[in-house]
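Chemist: Starting from the structure of chain A, add chains B and C where the hints point.
Chains as they are written, first to last, in our numbering: chain A, 8 to 264; chain B, 1228 to 1575; chain C, 746 to 1214.
Simulated from the structure, these hints should not be mistaken for lab results. Treat the hints with caution; some may be incorrect.
In silico PhoX-like links for lysine-lysine, alpha-carbon gap of 25 angstroms or less [unchecked claim]:
| hint | chain 1 | residue 1 | chain 2 | residue 2 |
| --- | --- | --- | --- | --- |
| 1 | C | K926 | A | K126 |
| 2 | B | K1425 | C | K1050 |
| 3 | C | K1160 | B | K1346 |
| 4 | B | K1346 | C | K926 |
| 5 | C | K857 | B | K1346 |
| 6 | C | K1127 | C | K1102 |
According to the in silico footprint, chain B covers these stretches of chain C (three or more CB under 8 angstroms from chain B) [to be verified]:
| hint | segment |
| --- | --- |
| 7 | 861 to 867 |
| 8 | 903 to 912 |
By construction, the Cβ of each residue, glycine as well, lies at the ideal position given by its N, Cα and C atoms.
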Amino acid sequence: MDANTVTAPPLEIHDLSVAYDRRPVLWGIDVEVPAGKLVGIIGPNGAGKSTLIKACMGVVAPSGGWVKVFGEPLDHAHRRVGYVPQRESVDWDFPVSVMDVVLMGRYGRLGLLRRPGAKDREIARASLDKVGMLPYANRQIANLSGGQQQRVFLARALAQESDLYFMDEPFAGVDAATEAAIVTLLHEMRDRGKTILVVHHDLPTARNYFDTLLLLNMRLVAFGPTDDVFTYDLLQRTYGGRLTILSEVADAVRQRG
Amino acid sequence: MTDWIPAFDPHRVFVEPWTVNVSLKLWIVVMGFLVLTTCGWVGQYLILRRMALMGDAISHSILPGLAGSFLIGAWWAGNGSASGEGGARGSVPMFLGALVAAVITTVLIEWIHRRSRVKQDAAMGTVFSALFALGVVLITVFADHVDLDADCVLHGEIGFVPFEDYFKVGGREWMPVPVARMLVVSLLTAAWIGMFYKELLVSSFDPGLATSLGISAQRVHFLLMAWLAVVIVSAFESVGAILVVAALIVPGATATLLSSNLPRIFLWITLHAAVSALAGLHLAVWLDCSIAGAMVVAGCALFVLAWAASSWSQWRARRLMATGAPPEPEERTLTAPPTPSSPGRSAA
Amino acid sequence: MPARAAKIGEITDIAILEQAIRFFSFQDPTLRFAVAGAAMMGIACGVLGTFLVVRRLALVGDTLSHAVLPGVAAGFLWGQTKNPVAIFVGAVVAGLAGTMVATAIRRTTRLKEDTALGLVLAGFYAVGICLVTMIQRLPTGNKSGIDKFLFGQAAAISAGDLKLMSAVTVLVLVVVVVFYKELLVTSFDPAFARATGFPVRLIQDGLMLLLAFAVVGALQAVGVVLVSAMLITPAAAAYLLTDRLRRMLLIASTIGCGTGIVGCFLSFLGNSLPTGPIMVLVASVVFAGAFLFAPRHGLVVRWVKARARHRRVGRENTLKALYHVLESRAFARDGVTLKELALRRRETLDDADRQAKALVRHGLAVVEDDGQLLRLTSEGKKRAAELVRNHRLWELYLTHAARYAADHVHDDAEKIEHVLGEDVVWELERRLNYADTDPHGKRIPTLAEGQARTGRAVEGVPPPEGGVP
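Extracted from the complex, chain A is given alone in its bound form (with noise of 0.2 angstroms):
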């Protein structure tokens, strides 16, 4: 590794476009997000969060502008991203057992022709054990519940060991439990100098959770801290004029106060 990219920034977006079927769904986003952040991606149905964060991971091909990681280009700095996919983009009814789920964390470093080995075992283990799902290794994946599913997918990233997380609505159809169990779990992990991206929907509790947000529909609204970025005009921007969540972002915006 060589000094450009010990200095580099986690993530850079530079000029993203991205379009479904010719109809644009992100146009021209710049951001560069600082290590060791906690980043809430913030905006209304179909702003593009999700698809921000699968460009960000070369899952969908953008249509224009570059993303580097870590100073380089996404194809050699794989190892260094992790990434939460949605729960529902799965069939869980998948013949896995949960161990097998987390070990799949391991295979992006294991190379071809490699099997996951002791070490590997280990770290899945440890990582299981962080989101509190250890006794459930060997359970088939669906015989759990909404809750423990994200979970095992948080222990999966965890076994990534990355340097850079994505996570796609990790809060969405799981209990105040897990909910809490995982906002823990990012600011522990913010607090080792990981830095995590997460698509998140409520906007309440979004002020909480996360120490940085990124305001988006379509393009670029705002991207800073927190305190900075959560204002009624910014919010206003991001969200249009739509009356219902109007009316949300102002109970947002007084609760802050």
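Modeler: Below, chains B and C without anything else, positioned relative to chain A:
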């Protein structure tokens, strides 16, 4: 390599069919048109409901139903008055056998994917291949009683349809019996679609809304599957089990590319059926191959044309949009980026 | 059109036993080739079919197997004979072209996946049929045996075919063993795999290539139409039998292999039975068996479990009724008559008698007085008190914590009382501050510790037992 493609002789391909033995060729085209258009109409609903491959499943799995109806017919004939060989090649037992098989298929598929974790696609694949295999075994084992040929079951042959018996009214020969039968099915299908137009539309578009309006999506599904079986059986001797899938899907798929208005789609389907029946006959005459196969190939060629046309118009629309809308994004470049914008907060 | 589905055993008059001996002695080289070929293709198809089933691509397999037909025909035309290599190449090219066209249709038009697959399936097949009928018209055509590809003919498997099949099977097994982790992660979670740097598209394309190989190999044995069954049916059965991919691969290939052998055998026994369809039928029977009797997911097993649960709930409701009867007279006497029980549950005496017998069978009660008087055993008393406690605790919890109205909680508690575990009960008691009266003013029998703390003694509740956490 060249001897298997006959030389293209315009006289033989275009003139002879309409000068020598005209009535046979005419009835083949009419039959092909009726089959393609009837299947196309019903198939359009399969496409709308995203279950195009249900047509594949049902067309395969009615085989044991057909074989069973033959066997029962033969048994009946053997027990009762020995009315002749082959028992019932009548249409009624065949329709009934096929209907029963279609309902069993539908129920089994639903049952397997509801009651176990096997997904719908695998359930479909398992059920129809099992029933089809059963049908083939029945046909081979009881070959003496079942007047079906395993080969014919697969791709039929419109050229072998008996066009000699004419349907007569008042001493006048109107049309061959098979054509008359197909015409009746076509008219019934049209009437059926007309009658249940709104139910089919609503339940295909939004099953939830249909339920709230008091239309049972389940019942409509079974109704559609039963009617599908009737149409497939009547098309069976012309196009067989697999080409009937083409007859179900190709016209509708082509029409869907050309219009997004349902009544207009039905018009396009009819037109597509007519053109592919006509073009298919000439193709078959030229290549001296299966007429039903050639009709489907012609239909597929029309689909490719429609595909090209719609892609071209989309490309043009994109070009037009690109001139007015925000600048066309450049190629994705992951190397040599320009200097990044200032870190931290930025607002668009 | 004399394309009867083909069969192996051509001898009519030999008894079944002799046929069986002939089969298992494997003296007949044709038979050896047929069995070896069918068994190997069963293994390859089972392995690949597993990935199709878990990726929900079952119908892609069906499409691909129909789409190879024009390639098979073109392979014939190449050499005008049945040249295995030419047919193999032609069929693989056609199959892959088919999947590519389906993908292209889905990407560039608004037609959905099912329609795209149906179009390719039927369109390619139609082209194939045209070619086949053109070949049959050729002077060499009728002898070429191309019609055998429609239903397959295991008997026609030659040494050359067998070599090709072994190569395919070995290739499939090696690839799956070597790239197991890549196949697993891209099947389970393609987005994650892409983000982790796996070439998801490449792996999917590779799987399709292998699939085309296997389909073409299996064509000989089962034919174009039924190849998809050899892919899907064994894998679907295995999907019901296990919860692990590795085991599923093993089971599916075993079923595939066994199906191939048994299919050959049956077809050999009954001389008019076609091999391909028989193999498919055997596989379907295995699937039906798995569907009904699989240890965890089988229908019968689940039905038996549900019935046992239903009966337990029935017994527990009887216990509760007995407790209520005893409670209504302040636990004055131990015995409850059948009549009292029937009155309480608003049932006939026959019903009450049946319930009493069920309790006796499970050691929860004894009958006296010629079966008219029912007395709970200590185990029965304990269980009855537990149930009533569960019910009332839950009612209380709902009214207190969840703010339900008192008249809304009974039905919910009826269900929950049968499933509350010890831990939950302790937690409920703690949260409810060891309250002793339910929302309807009835007393709540307590667990041991609750009783000790509140110093409350309820008649009829068994003395505290060990095992308090």
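Chemist: Determine for every hint whether it applies to the structure shown.
Modeler: Checked hints:
{"no.": "1", "hint": "C/K926 x A/K126", "result": "holds, 17 angstroms"}
{"no.": "2", "hint": "B/K1425 x C/K1050", "result": "violated, 44 angstroms"}
{"no.": "3", "hint": "C/K1160 x B/K1346", "result": "violated, 31 angstroms"}
{"no.": "4", "hint": "B/K1346 x C/K926", "result": "holds, 23 angstroms"}
{"no.": "5", "hint": "C/K857 x B/K1346", "result": "holds, 18 angstroms"}
{"no.": "6", "hint": "C/K1127 x C/K1102", "result": "holds, 19 angstroms"}
{"no.": "7", "hint": "861 to 867", "result": "holds (count 5)"}
{"no.": "8", "hint": "903 to 912", "result": "violated (count 0)"}
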